[in-house]
Every structure is written in C-alpha cells, then in structure tokens.
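S.K.: Top line first, the protein sequences correspond to chains A and B. Taken in order, the first sequence gives residues 1 to 113; the numbers are from this note's numbering. Taken in order, the second sequence gives residues 114 to 225; the numbers are from this note's numbering.
Hints were generated in silico from the structure; no laboratory data involved. Each residue gets a CB set at the ideal place from its N, CA and C atoms; glycine is no exception. One thing to keep in mind: the hints can contain errors.
[Unchecked claim] Listed below are several chain B residues computed to face chain A (Cβ distance under 7 angstroms; list not exhaustive):
hint, residue
1, 144
2, 156
3, 157
4, 159
5, 162
6, 165
7, 213
8, 217
[Claimed, not checked] Interface residues of chain A toward chain B, partial, derived using beta-carbon atoms under 7 angstroms:
hint, residue
9, 30
10, 31
11, 42
12, 91
13, 98
14, 99
15, 101
16, 102
17, 104
18, 106
19, 107
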Amino acid sequence: EPEVTQTPSHQVTQMGQEVILRCVPISNHLYFYWYRQILGQKVEFLVSFYNNEISEKSEIFDDQFSVERPDGSNFTLKIRSTKLEDSAMYFCASVREGNSPLHFGNGTRLTVT
Amino acid sequence: RKEVEQDPGPFNVPEGATVAFNCTYSNSASQSFFWYRQDCRKEPKLLMSVYSSGNEDGRFTAQLNRASQYISLLIRDSKLSDSATYLCVVNPSTSGTYKYIFGTGTRLKVLA
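Here chain B stands alone, though its shape is the one from the complex (with noise of 0.2 angstroms):
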C-alpha cells in the first residue's frame, strides 16, 4: 500500500457544484494532515490543516477519520479559481522525525 494515496482525476465539476476529495494513509501513528493547492508549475501552498475534531474554511471543510485512515476535503459552491491539483500531505512523525509524504494530487477543473 502506498504511504499517502489520492485519485488523481481530473474532477470537471461546474461552477457552484460540491466536489469532494478522499486521501488514505498507511501509517497509523502520523501525527499531522494537511491539504495543499498546486498550481501548475508553481509551489504548493497550504490551503489549511486537519484536525481531529475536522475544520472549516470558508467553503472549504476538511475532515480526517482515523480508524479508516483517510482524510477527506470538501469544496463548497466551486469557482473557477478552484481549478488546481490538492495536494494531500501526511507528517508520519516516526522516530521523531518530521518527513512529510506527499499523494500523487487529485486534479479539479471547474467549467464555466
């Protein structure tokens, strides 16, 4: 199984629709979760952690279930300006370490 594992898509989803997006981890004991937006050709830039309780952001929502291992991220009422890769990052925090394990990325268009 792979450390972090995403669909890579695409997901074309029309503007105003509810897109969401699964990630799983192998690693039971990591620590820390967090969504990152790629542009193409650019940095990944945070677009917010997860949190145990689940967090919300605006029209974005993510949610991590650890028994089952994923995390997930919802996009609420999509823009046009959505369209990027999300990027799934996992901390696994083994041995005091801090290596941070990136999914391939799930790629989203939205269609005007």
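Chain A on its own, in the form it takes in the complex (with noise of 0.2 angstroms):
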C-alpha cells in the first residue's frame, strides 16, 4: 500500500536555525497538508496545499513558516529562525481529493534547544 514517507525522524535544532522538513507524499493524491502536535496536546492544522499553492493556512502559520513542492514529488515545510516553541512532531498529510481520509506519515520530531 502507498504510504508518505517523511524525514527526518527526528531533528534537533538551535533556537533561531532554520530547517526543513521534508515529505513525500502518496503519488496520485492532489491534497497535500502540514500539521503540528505539541507534546500532549491535539493536532493542530498548519497548512494545506493545492495545485501548487497554499489553499488555505492557519495563525500558526506566520512568515516563519513556508511550504514548497519543489518537483513534484517531494513537499517541504521550512521553519525559518526557529524557536522554542516550535518543539513538536510535524506530521505531513495527502488526499487523493476532496472529503477523502488524510493519510498520514510517520512526522518528524523537531526539538528545538
């Protein structure tokens, strides 16, 4: 079965560097999604992605963060100067079409010091 592979697993990172996250998602789904999950807390919508820009972004979402599908394939979400607050799992998501379950893949957990 298809799956979305992200990597890396786990990143560690100093406060204000920048770093990028990245996905491969299901190669026939047209959706494509970051979400984000503090420790113990719910999953959080970052943004989602179509036909190559962003459909729609949450107040999460600020000018640190920017997404990019840069050839067709792989879907990056970069944290420009990070912060300690940024310390989460990163999951990526893709649906085939609209209304269809997410699929998810395994995140990348960003710690930030």
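Assembling the complex is the task here: the two chains are given apart, and the hints tell you how they should meet.
M.R.: Structure (structure tokens):
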C-alpha cells in the first residue's frame, strides 16, 4: 500500500536556526497538508496546499513558515528561525481528492534547544 | 464553541466492555467526518470514515447526527489493543478548500 514518507524522523536544532522538514506524499494525491502536535496536545492544522499553492493556512503558520513542492514529488516545510515553542511533532498528510481521508506520514519530531 | 470538541477522558474500561465516544462540531456545513486512532507518539491512523447512514466495521460502529451536529464511535467487546487516543476529524469544506480539523482526542484504556 502506498504511503506518505517523512524525513528526518527526528531533528534537533538550536534556536534561531532554519530547518526544513521533508515529505513525499502518495503519488496520485492532490492535496497536501502539514500538521503540528505539541507533546500532550491536539493535532493542529498548519497549512494546506493544492495546485502548487497554499489553499489555506492557520494563525500558527506565520511568516517564519513556508512550504514548497519543488519537484512534483517532495513537499517541504521550512521554519526560518526556530523558537523553543516550535518543538513538536510535525506530520505531513495527503489526500487524493477533497473529502477523502487524510493519509499521514510517520512524522518528524523537532526539538529546538 | 470549539470547531470540534471531544471529551478527553480517560475512559478506563474492562476488557470485553462496550464504550462509546461522542464528538461535536460547530460548522453545520461540514461535509466529511472521520475517526482516527493515535498511539502514543505515533501518527494518526484512519479507523473509519463516518457516513450519513451510519457504518460498521467489525467491532466498531460510527454514527452521524447532522441535526445535533455530532458523531459517535461505539467499540464493542473492547480489547487491550484498543487502548489508544481516538481522534474525531471534521472537514468543514467551505470555500472549496479542505481543511481537516481535529478534536483533542479521547483517551481509552482497556484494562485486563
């Protein structure tokens, strides 16, 4: 069964550094998402991406965040200048079409020190 | 009112018990509904979609009540392996975008 893959599984970075989290969605899926989950808290929507542009973003997704689909397969989340409060699990997800269930990757645990 | 609301639990039930969770949503125009299961520090995994007429998958039954804006999940004959957090997910589907909103999750512990 095709799956969403994310790399790295764990990233440790110092405050103020830039990080790029990578995702390869399922190949015939059209909508792509990033979610965040701070330890012990709920899964929070960050951004959705469709047709090579952001379709919706949350208040969390400020100017420090950006997404890109550089080559038709990878889908990346960049955090320009990490803060301690960015420490969380970041999940990439994709869906084939609107209203279908989300398929999640295994997540990247980001630790900002 | 929160967009998607769940009782966080925990629900502690003995093996073999039947347990039910509810989830309420605020946007009456919401189009699609799902239950996901999440194990500690893992990604959410789809348990089942929720259809208007209700649907069943083995020991799991999901119901949708549009009038009262809630969905439910019933687990029969609970197993130890059912211990997890159950996440309600609602897709408001407004403006042609698909933004899946998660509830806080309901924690279930099945006890031997």
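S.K.: Which hints, by number, does the structure contradict?
M.R.: 6 and 9
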